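Construct the entire structure; sequences and hints are all you get.
1 is the number of the first residue of the sequence shown in my numbering; add one for each residue after it.
Any given hint might turn out to be false.
[As the list claims (entries may be wrong)] Calculated pairs, PhoX-like style, for lysine-lysine (alpha carbon to alpha carbon, straight line, at most 20 angstroms):
| id | residue 1 | residue 2 |
| --- | --- | --- |
| 1 | K18 | K53 |
| 2 | K149 | K137 |
| 3 | K137 | K126 |
| 4 | K69 | K53 |
| 5 | K148 | K137 |
| 6 | K53 | K24 |
What the hints contain is simulated information worked out from the structure, not anything from laboratory work.
Bear in mind that the values here come from a model prediction, so they are computed numbers and not experimental data.
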Amino acid sequence: MTEFNGIDVLNAIVAASKNLSERKEEINRLNVFPVPDGDTGTNMSLTLESVVKNVRSLPLGAPGAEVRKAVTTGALMGARGNSGVITSQILRGLCEGSADAEELTTESVDAAFARAVEVSFQAVRKPVEGTILTVLKDAAAAAKHARKKKLAVEEALDEIVSEAYASVQRTPDLLPVL
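Set out below in structure tokens:
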């Protein structure tokens, strides 16, 4: 088990936001579905920037429930375009799925990813393979596999990230427009 408090959540979100911001142009170029408007990376980045701003407005040491609410509210209010809305729903699902967890465990990570899949797929009228939803689904499968293997949290997160990256690499084979 690994303790994961509000400061850890903020640090993780800041790191994710920075990473996404640095790669937004690359993601913009990848974007061809449902329309090649070239703004997916920008919209996802703006969504995460809103989350960072909202979480930073909390007092230091805010309870986990407040942090999760700030994440979901910031994501929803800052969502831009389809990709921003989907990103906000993924974050909502991750927060809902981890709501009962007092510590970060492989089980809580699995539950968070499972809920993120449910919430984000429900938010899209016609989910299509080869999109961010596929990457999320594959990451969730890796989380479940890590839980079944009883991996340590750090190992589980490494496997999830590796599978998400591999899933992105497979998207051209799944989405005919690519």
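Taking the hints in turn, this is what the structure says about them:
Only pairs whose Cα atoms come within 20 angstroms are accepted, and K18 paired with K53 is accepted, the gap being roughly 13 angstroms. Distance hint between K149 and K137 is fulfilled; the C-alpha atoms sit about 18 angstroms from each other, no more than 20 angstroms. At roughly 15 angstroms between alpha-carbon atoms, K137 and K126 fall within 20 angstroms of each other, so this suggested pair holds. Restraint check for K69 and K53: the C-alpha separation of about 13 angstroms stays at or below 20 angstroms, so the hint holds.
Proposed proximity of K148 and K137 is supported: the alpha carbons are some 17 angstroms apart, at most 20 angstroms. Among the hinted pairs, K53 with K24 is consistent with the structure: their alpha-carbon atoms are about 19 angstroms apart, no more than 20 angstroms.
The structure meets every hint from the earlier list without exception.
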